[in-house]
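Novice: In case you want the letters, here they are:
2 protein chains.
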Amino acid sequence: MKAEIIAVGSEMLTPFRQDTNSLHVTEKLNALGVTVNFKTIVGDRQRDLVSAIRTALGRVDILILMGGLGPTEDDLTREAVAESLSLTLRRDAAQVAALHARAASWRIPMPENNLKQADVIAGATVLPNPNGSAPGQWLDITFGGYRKLIALLPGPPRECRPLFDAECLPRLKFIVPPRTIAVRTLKAAMIPESQADKLLAPIYTTYTDVETTLLAHTGDLQITLICSKPDADTAWKRVDELASRIEEALEDWLYSSDGDSLEQIVLYYLGLRQATLAVAESCTGGLLAQRITSVPGASRSFLGGIVVYSNEMKTQFAGVPMELIAEYGAVSAEVAKALAEGIRSRTGATVGASITGIAGPTGATDTKPVGLVHIAVCDPQGCDAVERTFRGDRRHIREWAAQLALDMIRRRLM
Amino acid sequence: MKAEIIAVGSEMLTPFRQDTNSLHVTEKLNALGVTVNFKTIVGDRQRDLVSAIRTALGRVDILILMGGLGPTEDDLTREAVAESLSLTLRRDAAQVAALHARAASWRIPMPENNLKQADVIAGATVLPNPNGSAPGQWLDITFGGYRKLIALLPGPPRECRPLFDAECLPRLKFIVPPRTIAVRTLKAAMIPESQADKLLAPIYTTYTDVETTLLAHTGDLQITLICSKPDADTAWKRVDELASRIEEALEDWLYSSDGDSLEQIVLYYLGLRQATLAVAESCTGGLLAQRITSVPGASRSFLGGIVVYSNEMKTQFAGVPMELIAEYGAVSAEVAKALAEGIRSRTGATVGASITGIAGPTGATDTKPVGLVHIAVCDPQGCDAVERTFRGDRRHIREWAAQLALDMIRRRLM
Chain B
1 MKAEIIAVGS
11 EMLTPFRQDT
21 NSLHVTEKLN
31 ALGVTVNFKT
41 IVGDRQRDLV
51 SAIRTALGRV
61 DILILMGGLG
71 PTEDDLTREA
81 VAESLSLTLR
91 RDAAQVAALH
101 ARAASWRIPM
111 PENNLKQADV
121 IAGATVLPNP
131 NGSAPGQWLD
141 ITFGGYRKLI
151 ALLPGPPREC
161 RPLFDAECLP
171 RLKFIVPPRT
181 IAVRTLKAAM
191 IPESQADKLL
201 APIYTTYTDV
211 ETTLLAHTGD
221 LQITLICSKP
231 DADTAWKRVD
241 ELASRIEEAL
251 EDWLYSSDGD
261 SLEQIVLYYL
271 GLRQATLAVA
281 ESCTGGLLAQ
291 RITSVPGASR
301 SFLGGIVVYS
311 NEMKTQFAGV
321 PMELIAEYGA
331 VSAEVAKALA
341 EGIRSRTGAT
351 VGASITGIAG
361 PTGATDTKPV
371 GLVHIAVCDP
381 QGCDAVERTF
391 RGDRRHIREW
401 AAQLALDMIR
411 RRLM
Chain G
1001 MKAEIIAVGS
1011 EMLTPFRQDT
1021 NSLHVTEKLN
1031 ALGVTVNFKT
1041 IVGDRQRDLV
1051 SAIRTALGRV
1061 DILILMGGLG
1071 PTEDDLTREA
1081 VAESLSLTLR
1091 RDAAQVAALH
1101 ARAASWRIPM
1111 PENNLKQADV
1121 IAGATVLPNP
1131 NGSAPGQWLD
1141 ITFGGYRKLI
1151 ALLPGPPREC
1161 RPLFDAECLP
1171 RLKFIVPPRT
1181 IAVRTLKAAM
1191 IPESQADKLL
1201 APIYTTYTDV
1211 ETTLLAHTGD
1221 LQITLICSKP
1231 DADTAWKRVD
1241 ELASRIEEAL
1251 EDWLYSSDGD
1261 SLEQIVLYYL
1271 GLRQATLAVA
1281 ESCTGGLLAQ
1291 RITSVPGASR
1301 SFLGGIVVYS
1311 NEMKTQFAGV
1321 PMELIAEYGA
1331 VSAEVAKALA
1341 EGIRSRTGAT
1351 VGASITGIAG
1361 PTGATDTKPV
1371 GLVHIAVCDP
1381 QGCDAVERTF
1391 RGDRRHIREW
1401 AAQLALDMIR
1411 RRLM
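Chains B and G supply the protein sequences, listed in that same order.
Read in the working numbering, the first sequence has 88 at position 88, and its numbers run on one by one without any break.
Read in the working numbering, the second sequence has 1019 at position 19, and its numbers run on one by one without any break.
From the structure, some residues in chain B lie toward chain G, with a derived Cβ separation under 8 Å:
#1 E11
#2 T40
#3 E73
#4 L287
#5 P296
#6 S299
#7 G305
#8 V308
#9 Y309
#10 S310
FYI, nobody ran anything at the bench for these hints, they're computed from the structure.
Where is the CB? At the ideal position from N, CA and C, for every residue including glycine.
The shape of chain B in the complex, shown without the other chains (with noise of 0.2 Å):
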């Protein structure tokens, strides 16, 4: 069966916003056997809105529609879709009666626009929303002589990707016929683009029934391998067996064979070695706190962190002696081992990392390039120090540092 994805919204007909919601759907829909065809971004115009779903109702099975479903005088996807199907829209009672609970519990009056949202296209099933107070709708119809699934989805990401994956994939695997598509990720940290490639092409090209995709973004390399066969054993067997001659290939490069991340991964090692872990950051900002606290359970191993971007915080706080920095300057190899150091001695912590650098675009002296960073990690049997000119803008530089700082640790760990 054949899908297209409408998403809804004029800001993302402009230079400042994507749509990001469509990755997530078609990654599930693929895994369903589900090809999505075509995407389309629609302003929140009803007569685009009306022209891009009868033009995908014209050529799909499956259409999925994300945004314009909340309550402003801008959000006209129910208009839409009924005027495209002409079909009614009217006010459902138990949707209202939700709507009016909704604001009770957050204590705040109900603006009179919020009842739109209780607005239900003839026919439709009313797909419950628990992240937020638009509800969903699920159409199953017969348009032009053709079955048609039509979902409507609400635009942001954390109340759109739900409610696709509780209510739209159970019905939608309810209908489609039943496929096999394996599906692994590995993921590498740190390795040049163009040396994985030349590591990696030879083998996966090889693998012409696997479709492989590599993705590289700030040092870390995703490598998805996708199967699909009429029977799972074979698919698995493809995937697992390309899967290790990557791994082999990628030797301590790989840190996950199963798409966890590198902070998941930081964590898991700390948690096997029963060690805990903190972190001093300067030019970072608290970006490596950050990443690793983002992981659910993360205080079993994590301490916590200092982000010391004055100089007297790094010496109040970490211990670096004043001397030290006047002498090597802020970002060096010196500092970024007294502040590791001097993190994990304070905190008790069995593992110390630190970041020290110039993330720009100001900043820079004569022997310091903006980009240089230095990070040292430290436990009881000693440390690693690395020092690295990174390019790109404030943020890149400050991505990349963090991702490095993580992989020192993980390799420390190892």
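Following the hints, position chain G against chain B.
Specialist: Below, chain G alone, put in the same frame as chain B:
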């Protein structure tokens, strides 16, 4: 005039890749006064391409196609445009010669299929591509009684973007009636979306010549006003007039009248007051510090922060009494205040801010649900403290908490 962008390539219909060329092209089109009404992403299937092209020609004046001009069997854009317009393709002798010359200069043999890159649609102008082998094409035709401008551009960003700028923009400038587009972006923090719409819809809906877009994301509301007029003064007058009415209605929810981020505004106020800031975070794990330090020059006002995940660190690094934590719990107004006061006094910062909460999914108790957050902001005049319970997943709760803390710092500085 209205435009549609069609990005061609099956890889952009996978979960792993997105079109990004369209953002560049959109920005340049908008600057000419051309709005992008639709974006369509279509795979390398001729039937799908023809469907997308015919649909586009039925609803816009300018059609920009990107991708599908290479030498492989999958590259079908030339063929699909010709079929959609019932035009023929001819192999262009000059282009064939250019391809041979290019191959010779690279000292590589030229495969026969490369020659399809020399196929030109009848009536099209060839657009030279200095960065790749496939030239672009430009059609200025009458279709269905209307003038249509069609550009065929190569897909790789480093070919597509320069080619659009060098060859399409000058042609479009010559054809598109001159207009000025006035754009302003206002921003507000922590205002509920429905309340914003209730306040603002009665205002902006009366300005039918200004396109107003409201975009809300975890407590951040962005309002973009776009007005296109033949004459610059009128366009700016309309946008500025609507902007001041919106500013008035939003009162102190508004934090920026020209698109600055909340962290930029906080740093701006700190600079203005010659004040410094230090933060202590628990559940946000560095997210607040990371947002502040993402702004270049943050070090002028931001001293640093601590990420105090363990109770011991709360005591050791911010001087929170153990007994206070034992009595009220780490997630409490009392500990939030002690953290904010503690980091302030230890660092000597003018303003100290703290966040403590339960980001989940675990950690809830009978009296303290997941999502409960206490935030405190202290300065020499006193403290603001707020308790909120946010809904959503770990990531969401952390983002809301950091946003509210930034907004409380802003309000404290106002």
